[in-house]
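Trainee: Now for the letters of each chain:
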Amino acid sequence: MSTHVVERLSEYLDSELEPGEHAEVRAHLGECTDCRQTLEELRQLDDLARALPVPPGRPGTDLATRVRASLVGEAVAGRKRLPQALAAAAALAAVVALPWVILQQSPAPEQSAALNEPAALPSYTDDLRREEELLSEPVPAPSASDRPGVDSAQAPRGSAAETLAREKAVPRARGRELTAGGKRREEEARETYALGYVAPAGPAPGMIAEAPVADAPAAPPASASPAAPGAPAPAEATGQSAIASRTDVAEKRANAQRPAAVAARAGSSAEGARVGGSAADVGFSALESRTVTSGDEARRLRRDWRLFVRHFPGSPHLDDARFRALEAGARAYDLERRPDDLVRLRKDVEEYVAAAPPARAEAARRLLDEASRPPSP
Amino acid sequence: VRRYQRRVFAVAFRIVRRADVAEDVAQDTFIRAYRALDRFEVGRPFGPWVVRIGANLAINHRRSPKSREEELPQGHQETPGRDESPLEQLLAHEAGAVLENALEALPQEQRAVFVLRVYESLSYDEIAETLGISPGTVMSRLSRARQKLRVLVLPYLSRPGRLARGSEG
Numbered sequence: 035m036s037t038h039v040v041e042r043l044s045e046y047l048d049s050e051l052e053p054g055e056h057a058e059v060r061a062h063l064g065e066c067t068d069c070r071q072t073l074e075e076l077r078q079l080d081d082l083a084r085a086l087p088v089p090p091g092r093p094g095t096d097l098a099t100r101v102r103a104s105l106v107g108e109a110v111a112g113r114k115r116l117p118q119a120l121a122a123a124a125a126l127a128a129v130v131a132l133p134w135v136i137l138q139q140s141p142a143p144e145q146s147a148a149l150n151e152p153a154a155l156p157s158y159t160d161d162l163r164r165e166e167e168l169l170s171e172p173v174p175a176p177s178a179s180d181r182p183g184v185d186s187a188q189a190p191r192g193s194a195a196e197t198l199a200r201e202k203a204v205p206r207a208r209g210r211e212l213t214a215g216g217k218r219r220e221e222e223a224r225e226t227y228a229l230g231y232v233a234p235a236g237p238a239p240g241m242i243a244e245a246p247v248a249d250a251p252a253a254p255p256a257s258a259s260p261a262a263p264g265a266p267a268p269a270e271a272t273g274q275s276a277i278a279s280r281t282d283v284a285e286k287r288a289n290a291q292r293p294a295a296v297a298a299r300a301g302s303s304a305e306g307a308r309v310g311g312s313a314a315d316v317g318f319s320a321l322e323s324r325t326v327t328s329g330d331e332a333r334r335l336r337r338d339w340r341l342f343v344r345h346f347p348g349s350p351h352l353d354d355a356r357f358r359a360l361e362a363g364a365r366a367y368d369l370e371r372r373p374d375d376l377v378r379l380r381k382d383v384e385e386y387v388a389a390a391p392p393a394r395a396e397a398a399r400r401l402l403d404e405a406s407r408p409p410s411p
Numbered sequence: 059v060r061r062y063q064r065r066v067f068a069v070a071f072r073i074v075r076r077a078d079v080a081e082d083v084a085q086d087t088f089i090r091a092y093r094a095l096d097r098f099e100v101g102r103p104f105g106p107w108v109v110r111i112g113a114n115l116a117i118n119h120r121r122s123p124k125s126r127e128e129e130l131p132q133g134h135q136e137t138p139g140r141d142e143s144p145l146e147q148l149l150a151h152e153a154g155a156v157l158e159n160a161l162e163a164l165p166q167e168q169r170a171v172f173v174l175r176v177y178e179s180l181s182y183d184e185i186a187e188t189l190g191i192s193p194g195t196v197m198s199r200l201s202r203a204r205q206k207l208r209v210l211v212l213p214y215l216s217r218p219g220r221l222a223r224g225s226e227g
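Protein chains in written order, with this note's numbering: chain W, 35 to 411; chain U, 59 to 227.
Careful, some of the hints might be misleading.
With a cut-off of at most 25 Å between alpha-carbon atoms, the simulated SDA-like pairs for lysine to any residue come out as follows [unchecked claim]:
id, chain 1, residue 1, chain 2, residue 2
1, U, K206, W, L51
2, U, K206, W, R60
3, U, K206, U, E184
4, U, K206, U, R90
5, U, K206, W, V88
6, U, K206, U, D183
Simulated from the structure, these hints should not be mistaken for laboratory data.
So here's chain W without its partners, still in its complex pose (with noise of 0.2 Å):
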């Protein structure tokens, strides 16, 4: 008999023997009882510790909001640490609760029966639909008033050459121009925003340290001024007049298009107002830089564009925008191809050509055409 393989035994029963010594060892066993016993004990030993059960975790708590409590939590102490952050953080908070509140007060069924949805999404989850109740109003086209002039006062819309190519151009540009706390804020951002607005359980902390709901004042009229206490939309104002200004109209339109309590929570701090142009930029580069492995996640993150368009109306990447929740919804088609994705994106593309220049309108249309080609074999 040959000698005892005991030794060798763990790594032959994970098959990480190279092939001569696995047959060598595989040859022993054949003849030697012990080695066999020792085999089979080794082989119930891995099972028993399979079988071990993993205790349930702490109960009352979901890990994901955790996750993004944690992360958002973050991005809200830099406050304390800086004071230049304050503002930053305040606008960061009520974008981040935004969505939420407006998932809060979504559409009653019988209303969401009118919004003109394809009849038949088959499998949709309900965080989506919602979303789509929610967006499904027709978004404000692009217009030269809308558009603050710091940007979009730069040359007119060309080539889809050239605006591809300034869609490139704007991060790097704006990472050039990053002062330390420009840095500070756009972490914040891109971990408030890289999270995704997946149905929160509830605000996270420091949202309702910013707005509490019952402390909230009514909103006042959408023809108020966007800078009185309790109007002004999160999103664009900059804190200075002339680019309030600019943001007016657009500002006036989201607001109308809002329910009062969300502009009333959403307004609540005016610093949050001054700051968030900032948030609108750093929040579309956090988007930019969202990684995409699956349906879901092109899905979230073709919503979360569009709740970009929708919270930052004026913002000089509005249009860009709007193109990358085409993409995105183009990408969940081509992952996973599902029929109600392309239904999705035809809709999306349609909307999106009535209102854009013709460049990019060919552009979505040739986006549309690609993706509803058969995948290659």
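Please arrange chain U on chain W, whose structure you already have, making use of the hints.
Mentor: Frame of chain W; chain U shown alone:
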């Protein structure tokens, strides 16, 4: 997070042996994973990547002085299988308790290798990469861990096929 939280929690629990600590480790895991997303290669499976982060954090937690001051884990709480006789259930329960204690007594580096191999089915190369050790070290640690555990639970394994589930014999 929701898709992988149970898996990450399970690996962390099996290494740190405490549910509350494992939850904290799982939470840290996803935060770290989020921050390291730019290092994640798109197209590769996300699960093993995030599990490895969790395993490393769990191991580091075990190494920390604070973890040594913490209480020992609760006892074994296995629910016996329904298709076993009362005696088999008793033996299985006892075997589980013994194995729990044996796992607890293992050096943490051996336990980590055992957990990644037995529960996560990682290859030796993958374990080596995860823990920053050589495949040879993985092999020796795993072999030693199994031999120690086997000796401790041997009374329950002495009759092949009696307690094991799904073993091939």
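Trainee: Each hint needs a verdict: does it hold in this structure or not?
Mentor: Results of checking the hints against the structure:
Proximity of U/K206 to W/L51 is assessed by CA-CA distance (about 21 Å); at most 25 Å being required, the pair is judged to hold. Distance restraint check for U/K206 and W/R60: the Cα-Cα separation of roughly 23 Å lies within the 25 Å cut-off, and the hinted pair is therefore satisfied. Among the hinted pairs, U/K206 with U/E184 is consistent with the structure: their alpha-carbon atoms are about 23 Å apart, no more than 25 Å. Proposed proximity of U/K206 and U/R90 is contradicted: the alpha carbons are some 34 Å apart, above 25 Å.
Of the supplied pair hints, the one linking U/K206 and W/V88 holds, its CA atoms being roughly 22 Å apart against a limit of 25 Å. For the suggested pair U/K206 and U/D183, the alpha carbons sit about 23 Å apart, so the restraint of at most 25 Å is met.
The structure fails to meet hint 4 from the earlier list, while all remaining hints are met.
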